[in-house]
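Peer 1: Protein chains in written order, with our numbering: chain A, 1 to 702; chain B, 703 to 877.
Worth flagging that the hints you see were computed from the coordinates, not collected in a lab.
Check each hint, because a few of them may be wrong.
Partial chain B-side listing against chain A, Cβ under 8 angstroms, derived [stated by the list, open to error]:
{"hint": "1", "residue": "794"}
{"hint": "2", "residue": "802"}
{"hint": "3", "residue": "835"}
{"hint": "4", "residue": "836"}
{"hint": "5", "residue": "851"}
{"hint": "6", "residue": "855"}
{"hint": "7", "residue": "861"}
{"hint": "8", "residue": "867"}
Glycine is no exception: its CB is placed at the ideal position from the N, C-alpha and C atoms.
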Amino acid sequence: MTGSVLPRVPAHPSLALAFAAVLALGGCSRTLPGDRAAGFDPDTIPDPYRSPSAALMWPGATRAFQVTPRGDLTNGAWTVRIHPRAGVREADLPSVIACEDRWLPVVRWRRRGEGITWEFEAVSCPGPAPRDSGLLVSLEARARNTAAVPRDARLLVRFEAPDPALSFAPFDAADPGPATLRWAGAGADTAEGWSTAGGSGDSSLAGWRMAPGETRTVRLLLSAYPEAAASLRSWARAPHVQRVGEARRYWTEELARGTRFDLGDPEVERALRAATVVLLSCRERRGPRWVPIGGPFQYRDVWLRDGARAIRALAVCGQTRVARDLADGFLEFQLPQGAFVSQRGQLDGTGQALWAFEQASLRPAPDDSVARYADAALRAVRWCEWQRDLGSRTGWPFGVMLPFGDPRDAELTRAQLTGNDAWALAGYRATERLLRAAGRDTEAAEVSAATGRYRADFARALERCGHPDLPPSWQLAGRDWGNLSVAYPCGALPPRHPRCVGLARRVWAASGGAGLTWYGDRDSLHYYLGADLGTWALLAGRRAQADSVLDALLLWRDACGGAGEIFTRGTHDFGGNLPPHATAAAVLIDLVRNALLFDDGDTLQLTLGARARWWSGSRLSRAPTRWGLVDLEFARNRDEATWSWTPVPVWTALTLPPGSRLARDPAPPLAAAPGGVTVLAPPGTSSARVGLASDSRGASEP
Amino acid sequence: MAATAAFLASRPRHAVEPTDPLLSLDVEQALSTAKVLGGQGRACASLPYFRRAVELVPGRWELRRDYAAALLDAVSEARPSLRVAQSVTRSSWERGAMTREALAQLDLAERLAPTPTAGAQVIALRGMGIANWGLSWNGLVEYGRAGELAPGWTELHGHGADLARIMREPQSAAR
């Protein structure tokens, strides 16, 4: 390999003398056609969004790179402009930027122009030092002459200030930007990148005259922070293919620690893996603790409302250690008064934190952290009760409910928010469970009694507020948000309550049916806002609607399997609200897992929403439940459904495959539940077999 | 000091650490610099100077009050000129730690306050700080306590009355 050191090149240089000089120097590796390892074709991966992009992130790193729709990379502090050119024209922009198998973060994209195909492959790696907050990207650019005649090709890679319109910047970015950006080369002690093509100042240029079929590669190392040039050179000794192998191994092993989902449905399995990668990556350290962040770019902050979802999802997909570490980080958000708050005016944080403690610490079994969580949760409940007591003495219309919040987000109003009370009730339930797990039954009973009173007050407030279903606030103002979580996960009302049915009907009618809901205006589809209604539908026996929500979550994933927060319905444009969003990942895991195995009540519910395809034969291994780790297998064989699962000390409810009903009463000890689509198995049961008939009633879901 | 220490400890190792000129400052110099910075809307930058002043004279209640006020201001301070609207502080984790530190400083200041009026100032500041986070009832109770110590402080009673009105009718004065 011969590096070329060239002067700084203009942004849109003509093919003048500099290019000729590069051609003369050669540079970078020459490879024979066809020696590239077989890999996936990024252009075959679906991406529903208007602009392709991908995130290169790493757990614990404090910056990430976005592969932009132009095929550049940016960390918000600077941009790595990549100009592949053949002849006089820069190659076309990438049409898709995809991860391997739409989940594994080996990112590829392709650009074409003037007979040269440019293939890019990038992986992220942790920074050089142990416990580093940095991140390195290993990127390989490969040019292939697909023309029948020789072609001149060149690749200019340049560090630049970020686009002023870019929607994110790292919190520790210099303002207006670093004074110098440069490649590791002779004389540079600190650099942002290293290239086999060498580099001078902020530019690295490689160029070749390529024979038909010939391939050339340039390898780049890009650092999220200025790094010692010697360190970058040292890291470059490991070839790109090795870094790709390390990334594959790392993520495969990380996911193997969790629940294994074998559903015979590769797209759903890949979606689960992609979502888990996002959640594992969206974490930062604070001293010895870990915190969940909302996303790698513009949401690099901590919200209890998003972090709680991430903790729950990680807990139920078997990432127990990670979920507990994040829950531990939540303890730092408790104010001396007892409340948990991450953002001003967002009072739902208290209930969400308590709920997250329960989700993380009670599956698959409580560990010694439960006493700590129980203490914190009890203080929070007593803070809520103190307020309710003060409020009850005022005579104000909704004095007994939590006071007003002004979240400047979500409901986007100043009012007493229904969701705050619903989440508080979820927190009460969680606290009772934590206290019981800690052996503190007297205090658990105290909280149980308080929960009963609060539920009754919640029901009375609904009657008094004058809204036909579930309003965003007791004052009826605001946008739908926390009220969508009243039935699930908050459990403030039973799923079949007419108000819950009315809410789903209203929200879905406005959105065109069960699926994503809109936020703010009808053209703004929100990925995760209505996802709780999917599980609500499962619990309310509206399986087709739940399936429709899952369809939408699966559809609106980018080519890396991640999803953003909001995009336009008409143009599929997410604008500056860049994917992936951690909560989007969390709700997808949550809904799939609940469709297979639901354990939030007093009964283990299996195959509540298992799709017809999954009934060809599915297996879950090491699924954490409130009654221990559970393995589950289920299948449909013509007129028979079978389940086998790890026995639990509570009743198990088995839901039949879609479109079927019981052909006859099941053999004891199994019993048919009312409705004919669920079979009950007593505690300790480990298998079941029932006869099926076609359910001619179809989906009865208004 | 725990909050600031935690904030500094949480910074990525790549962040450039400023040199520390604080050790040469006496209390008046530290306080003067802190107030100048605070007056410029740079509450976060003022914190080390307030902290230095508190360390030098730990028994002065008003230093702890002012340090707490600066911490509460810093929580909501925006970075002035970055192209993306952003907080000066890294994340809510740090903002929470700073708030807890402010509340701890106010507890100490309340104990040190030499007169009922001084105590009322401290309690009112605590009330405002936690009400801003959304803990309205806690804020209202603190305003009430402060009002009992300083019955003639009309502005304080106005704050309390405003908060109570919003709690009763949150939409009445909504933006």
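Peer 1: Now tell me if each hint is right for this structure.
Peer 2: Verification of the supplied hints:
With a cut of 8 angstroms, the hint placing residue 794 of chain B at the interface with chain A holds, because the nearest CB-to-CB distance is about 4 angstroms. Look at residue 802 of chain B: its Cβ gets to within about 7 angstroms of chain A, closer than 8 angstroms, so that hint holds up. The interface hint given for residue 835 of chain B is met, as the beta carbon of that residue sits about 5 angstroms from the closest beta carbon of chain A, less than 8 angstroms. Checking residue 836 of chain B against chain A: minimum C-beta separation of about 4 angstroms stays under 8 angstroms; hint holds.
Restraint check, residue 851 of chain B versus chain A: the minimum CB separation of about 20 angstroms is more than 8 angstroms; hint violated. Interface restraint check for residue 855 of chain B: the shortest CB-CB distance to chain A comes to about 23 angstroms, outside 8 angstroms, so the restraint is violated. At about 16 angstroms, the closest approach between the beta carbon of residue 861 of chain B and any beta carbon in chain A exceeds 8 angstroms, and the interface hint on this residue is violated. Here the hint on residue 867 of chain B is broken, as its CB sits about 11 angstroms from the closest CB of chain A, past 8 angstroms.
Hints 5, 6, 7 and 8, counting from the list given before, are not met by this structure.
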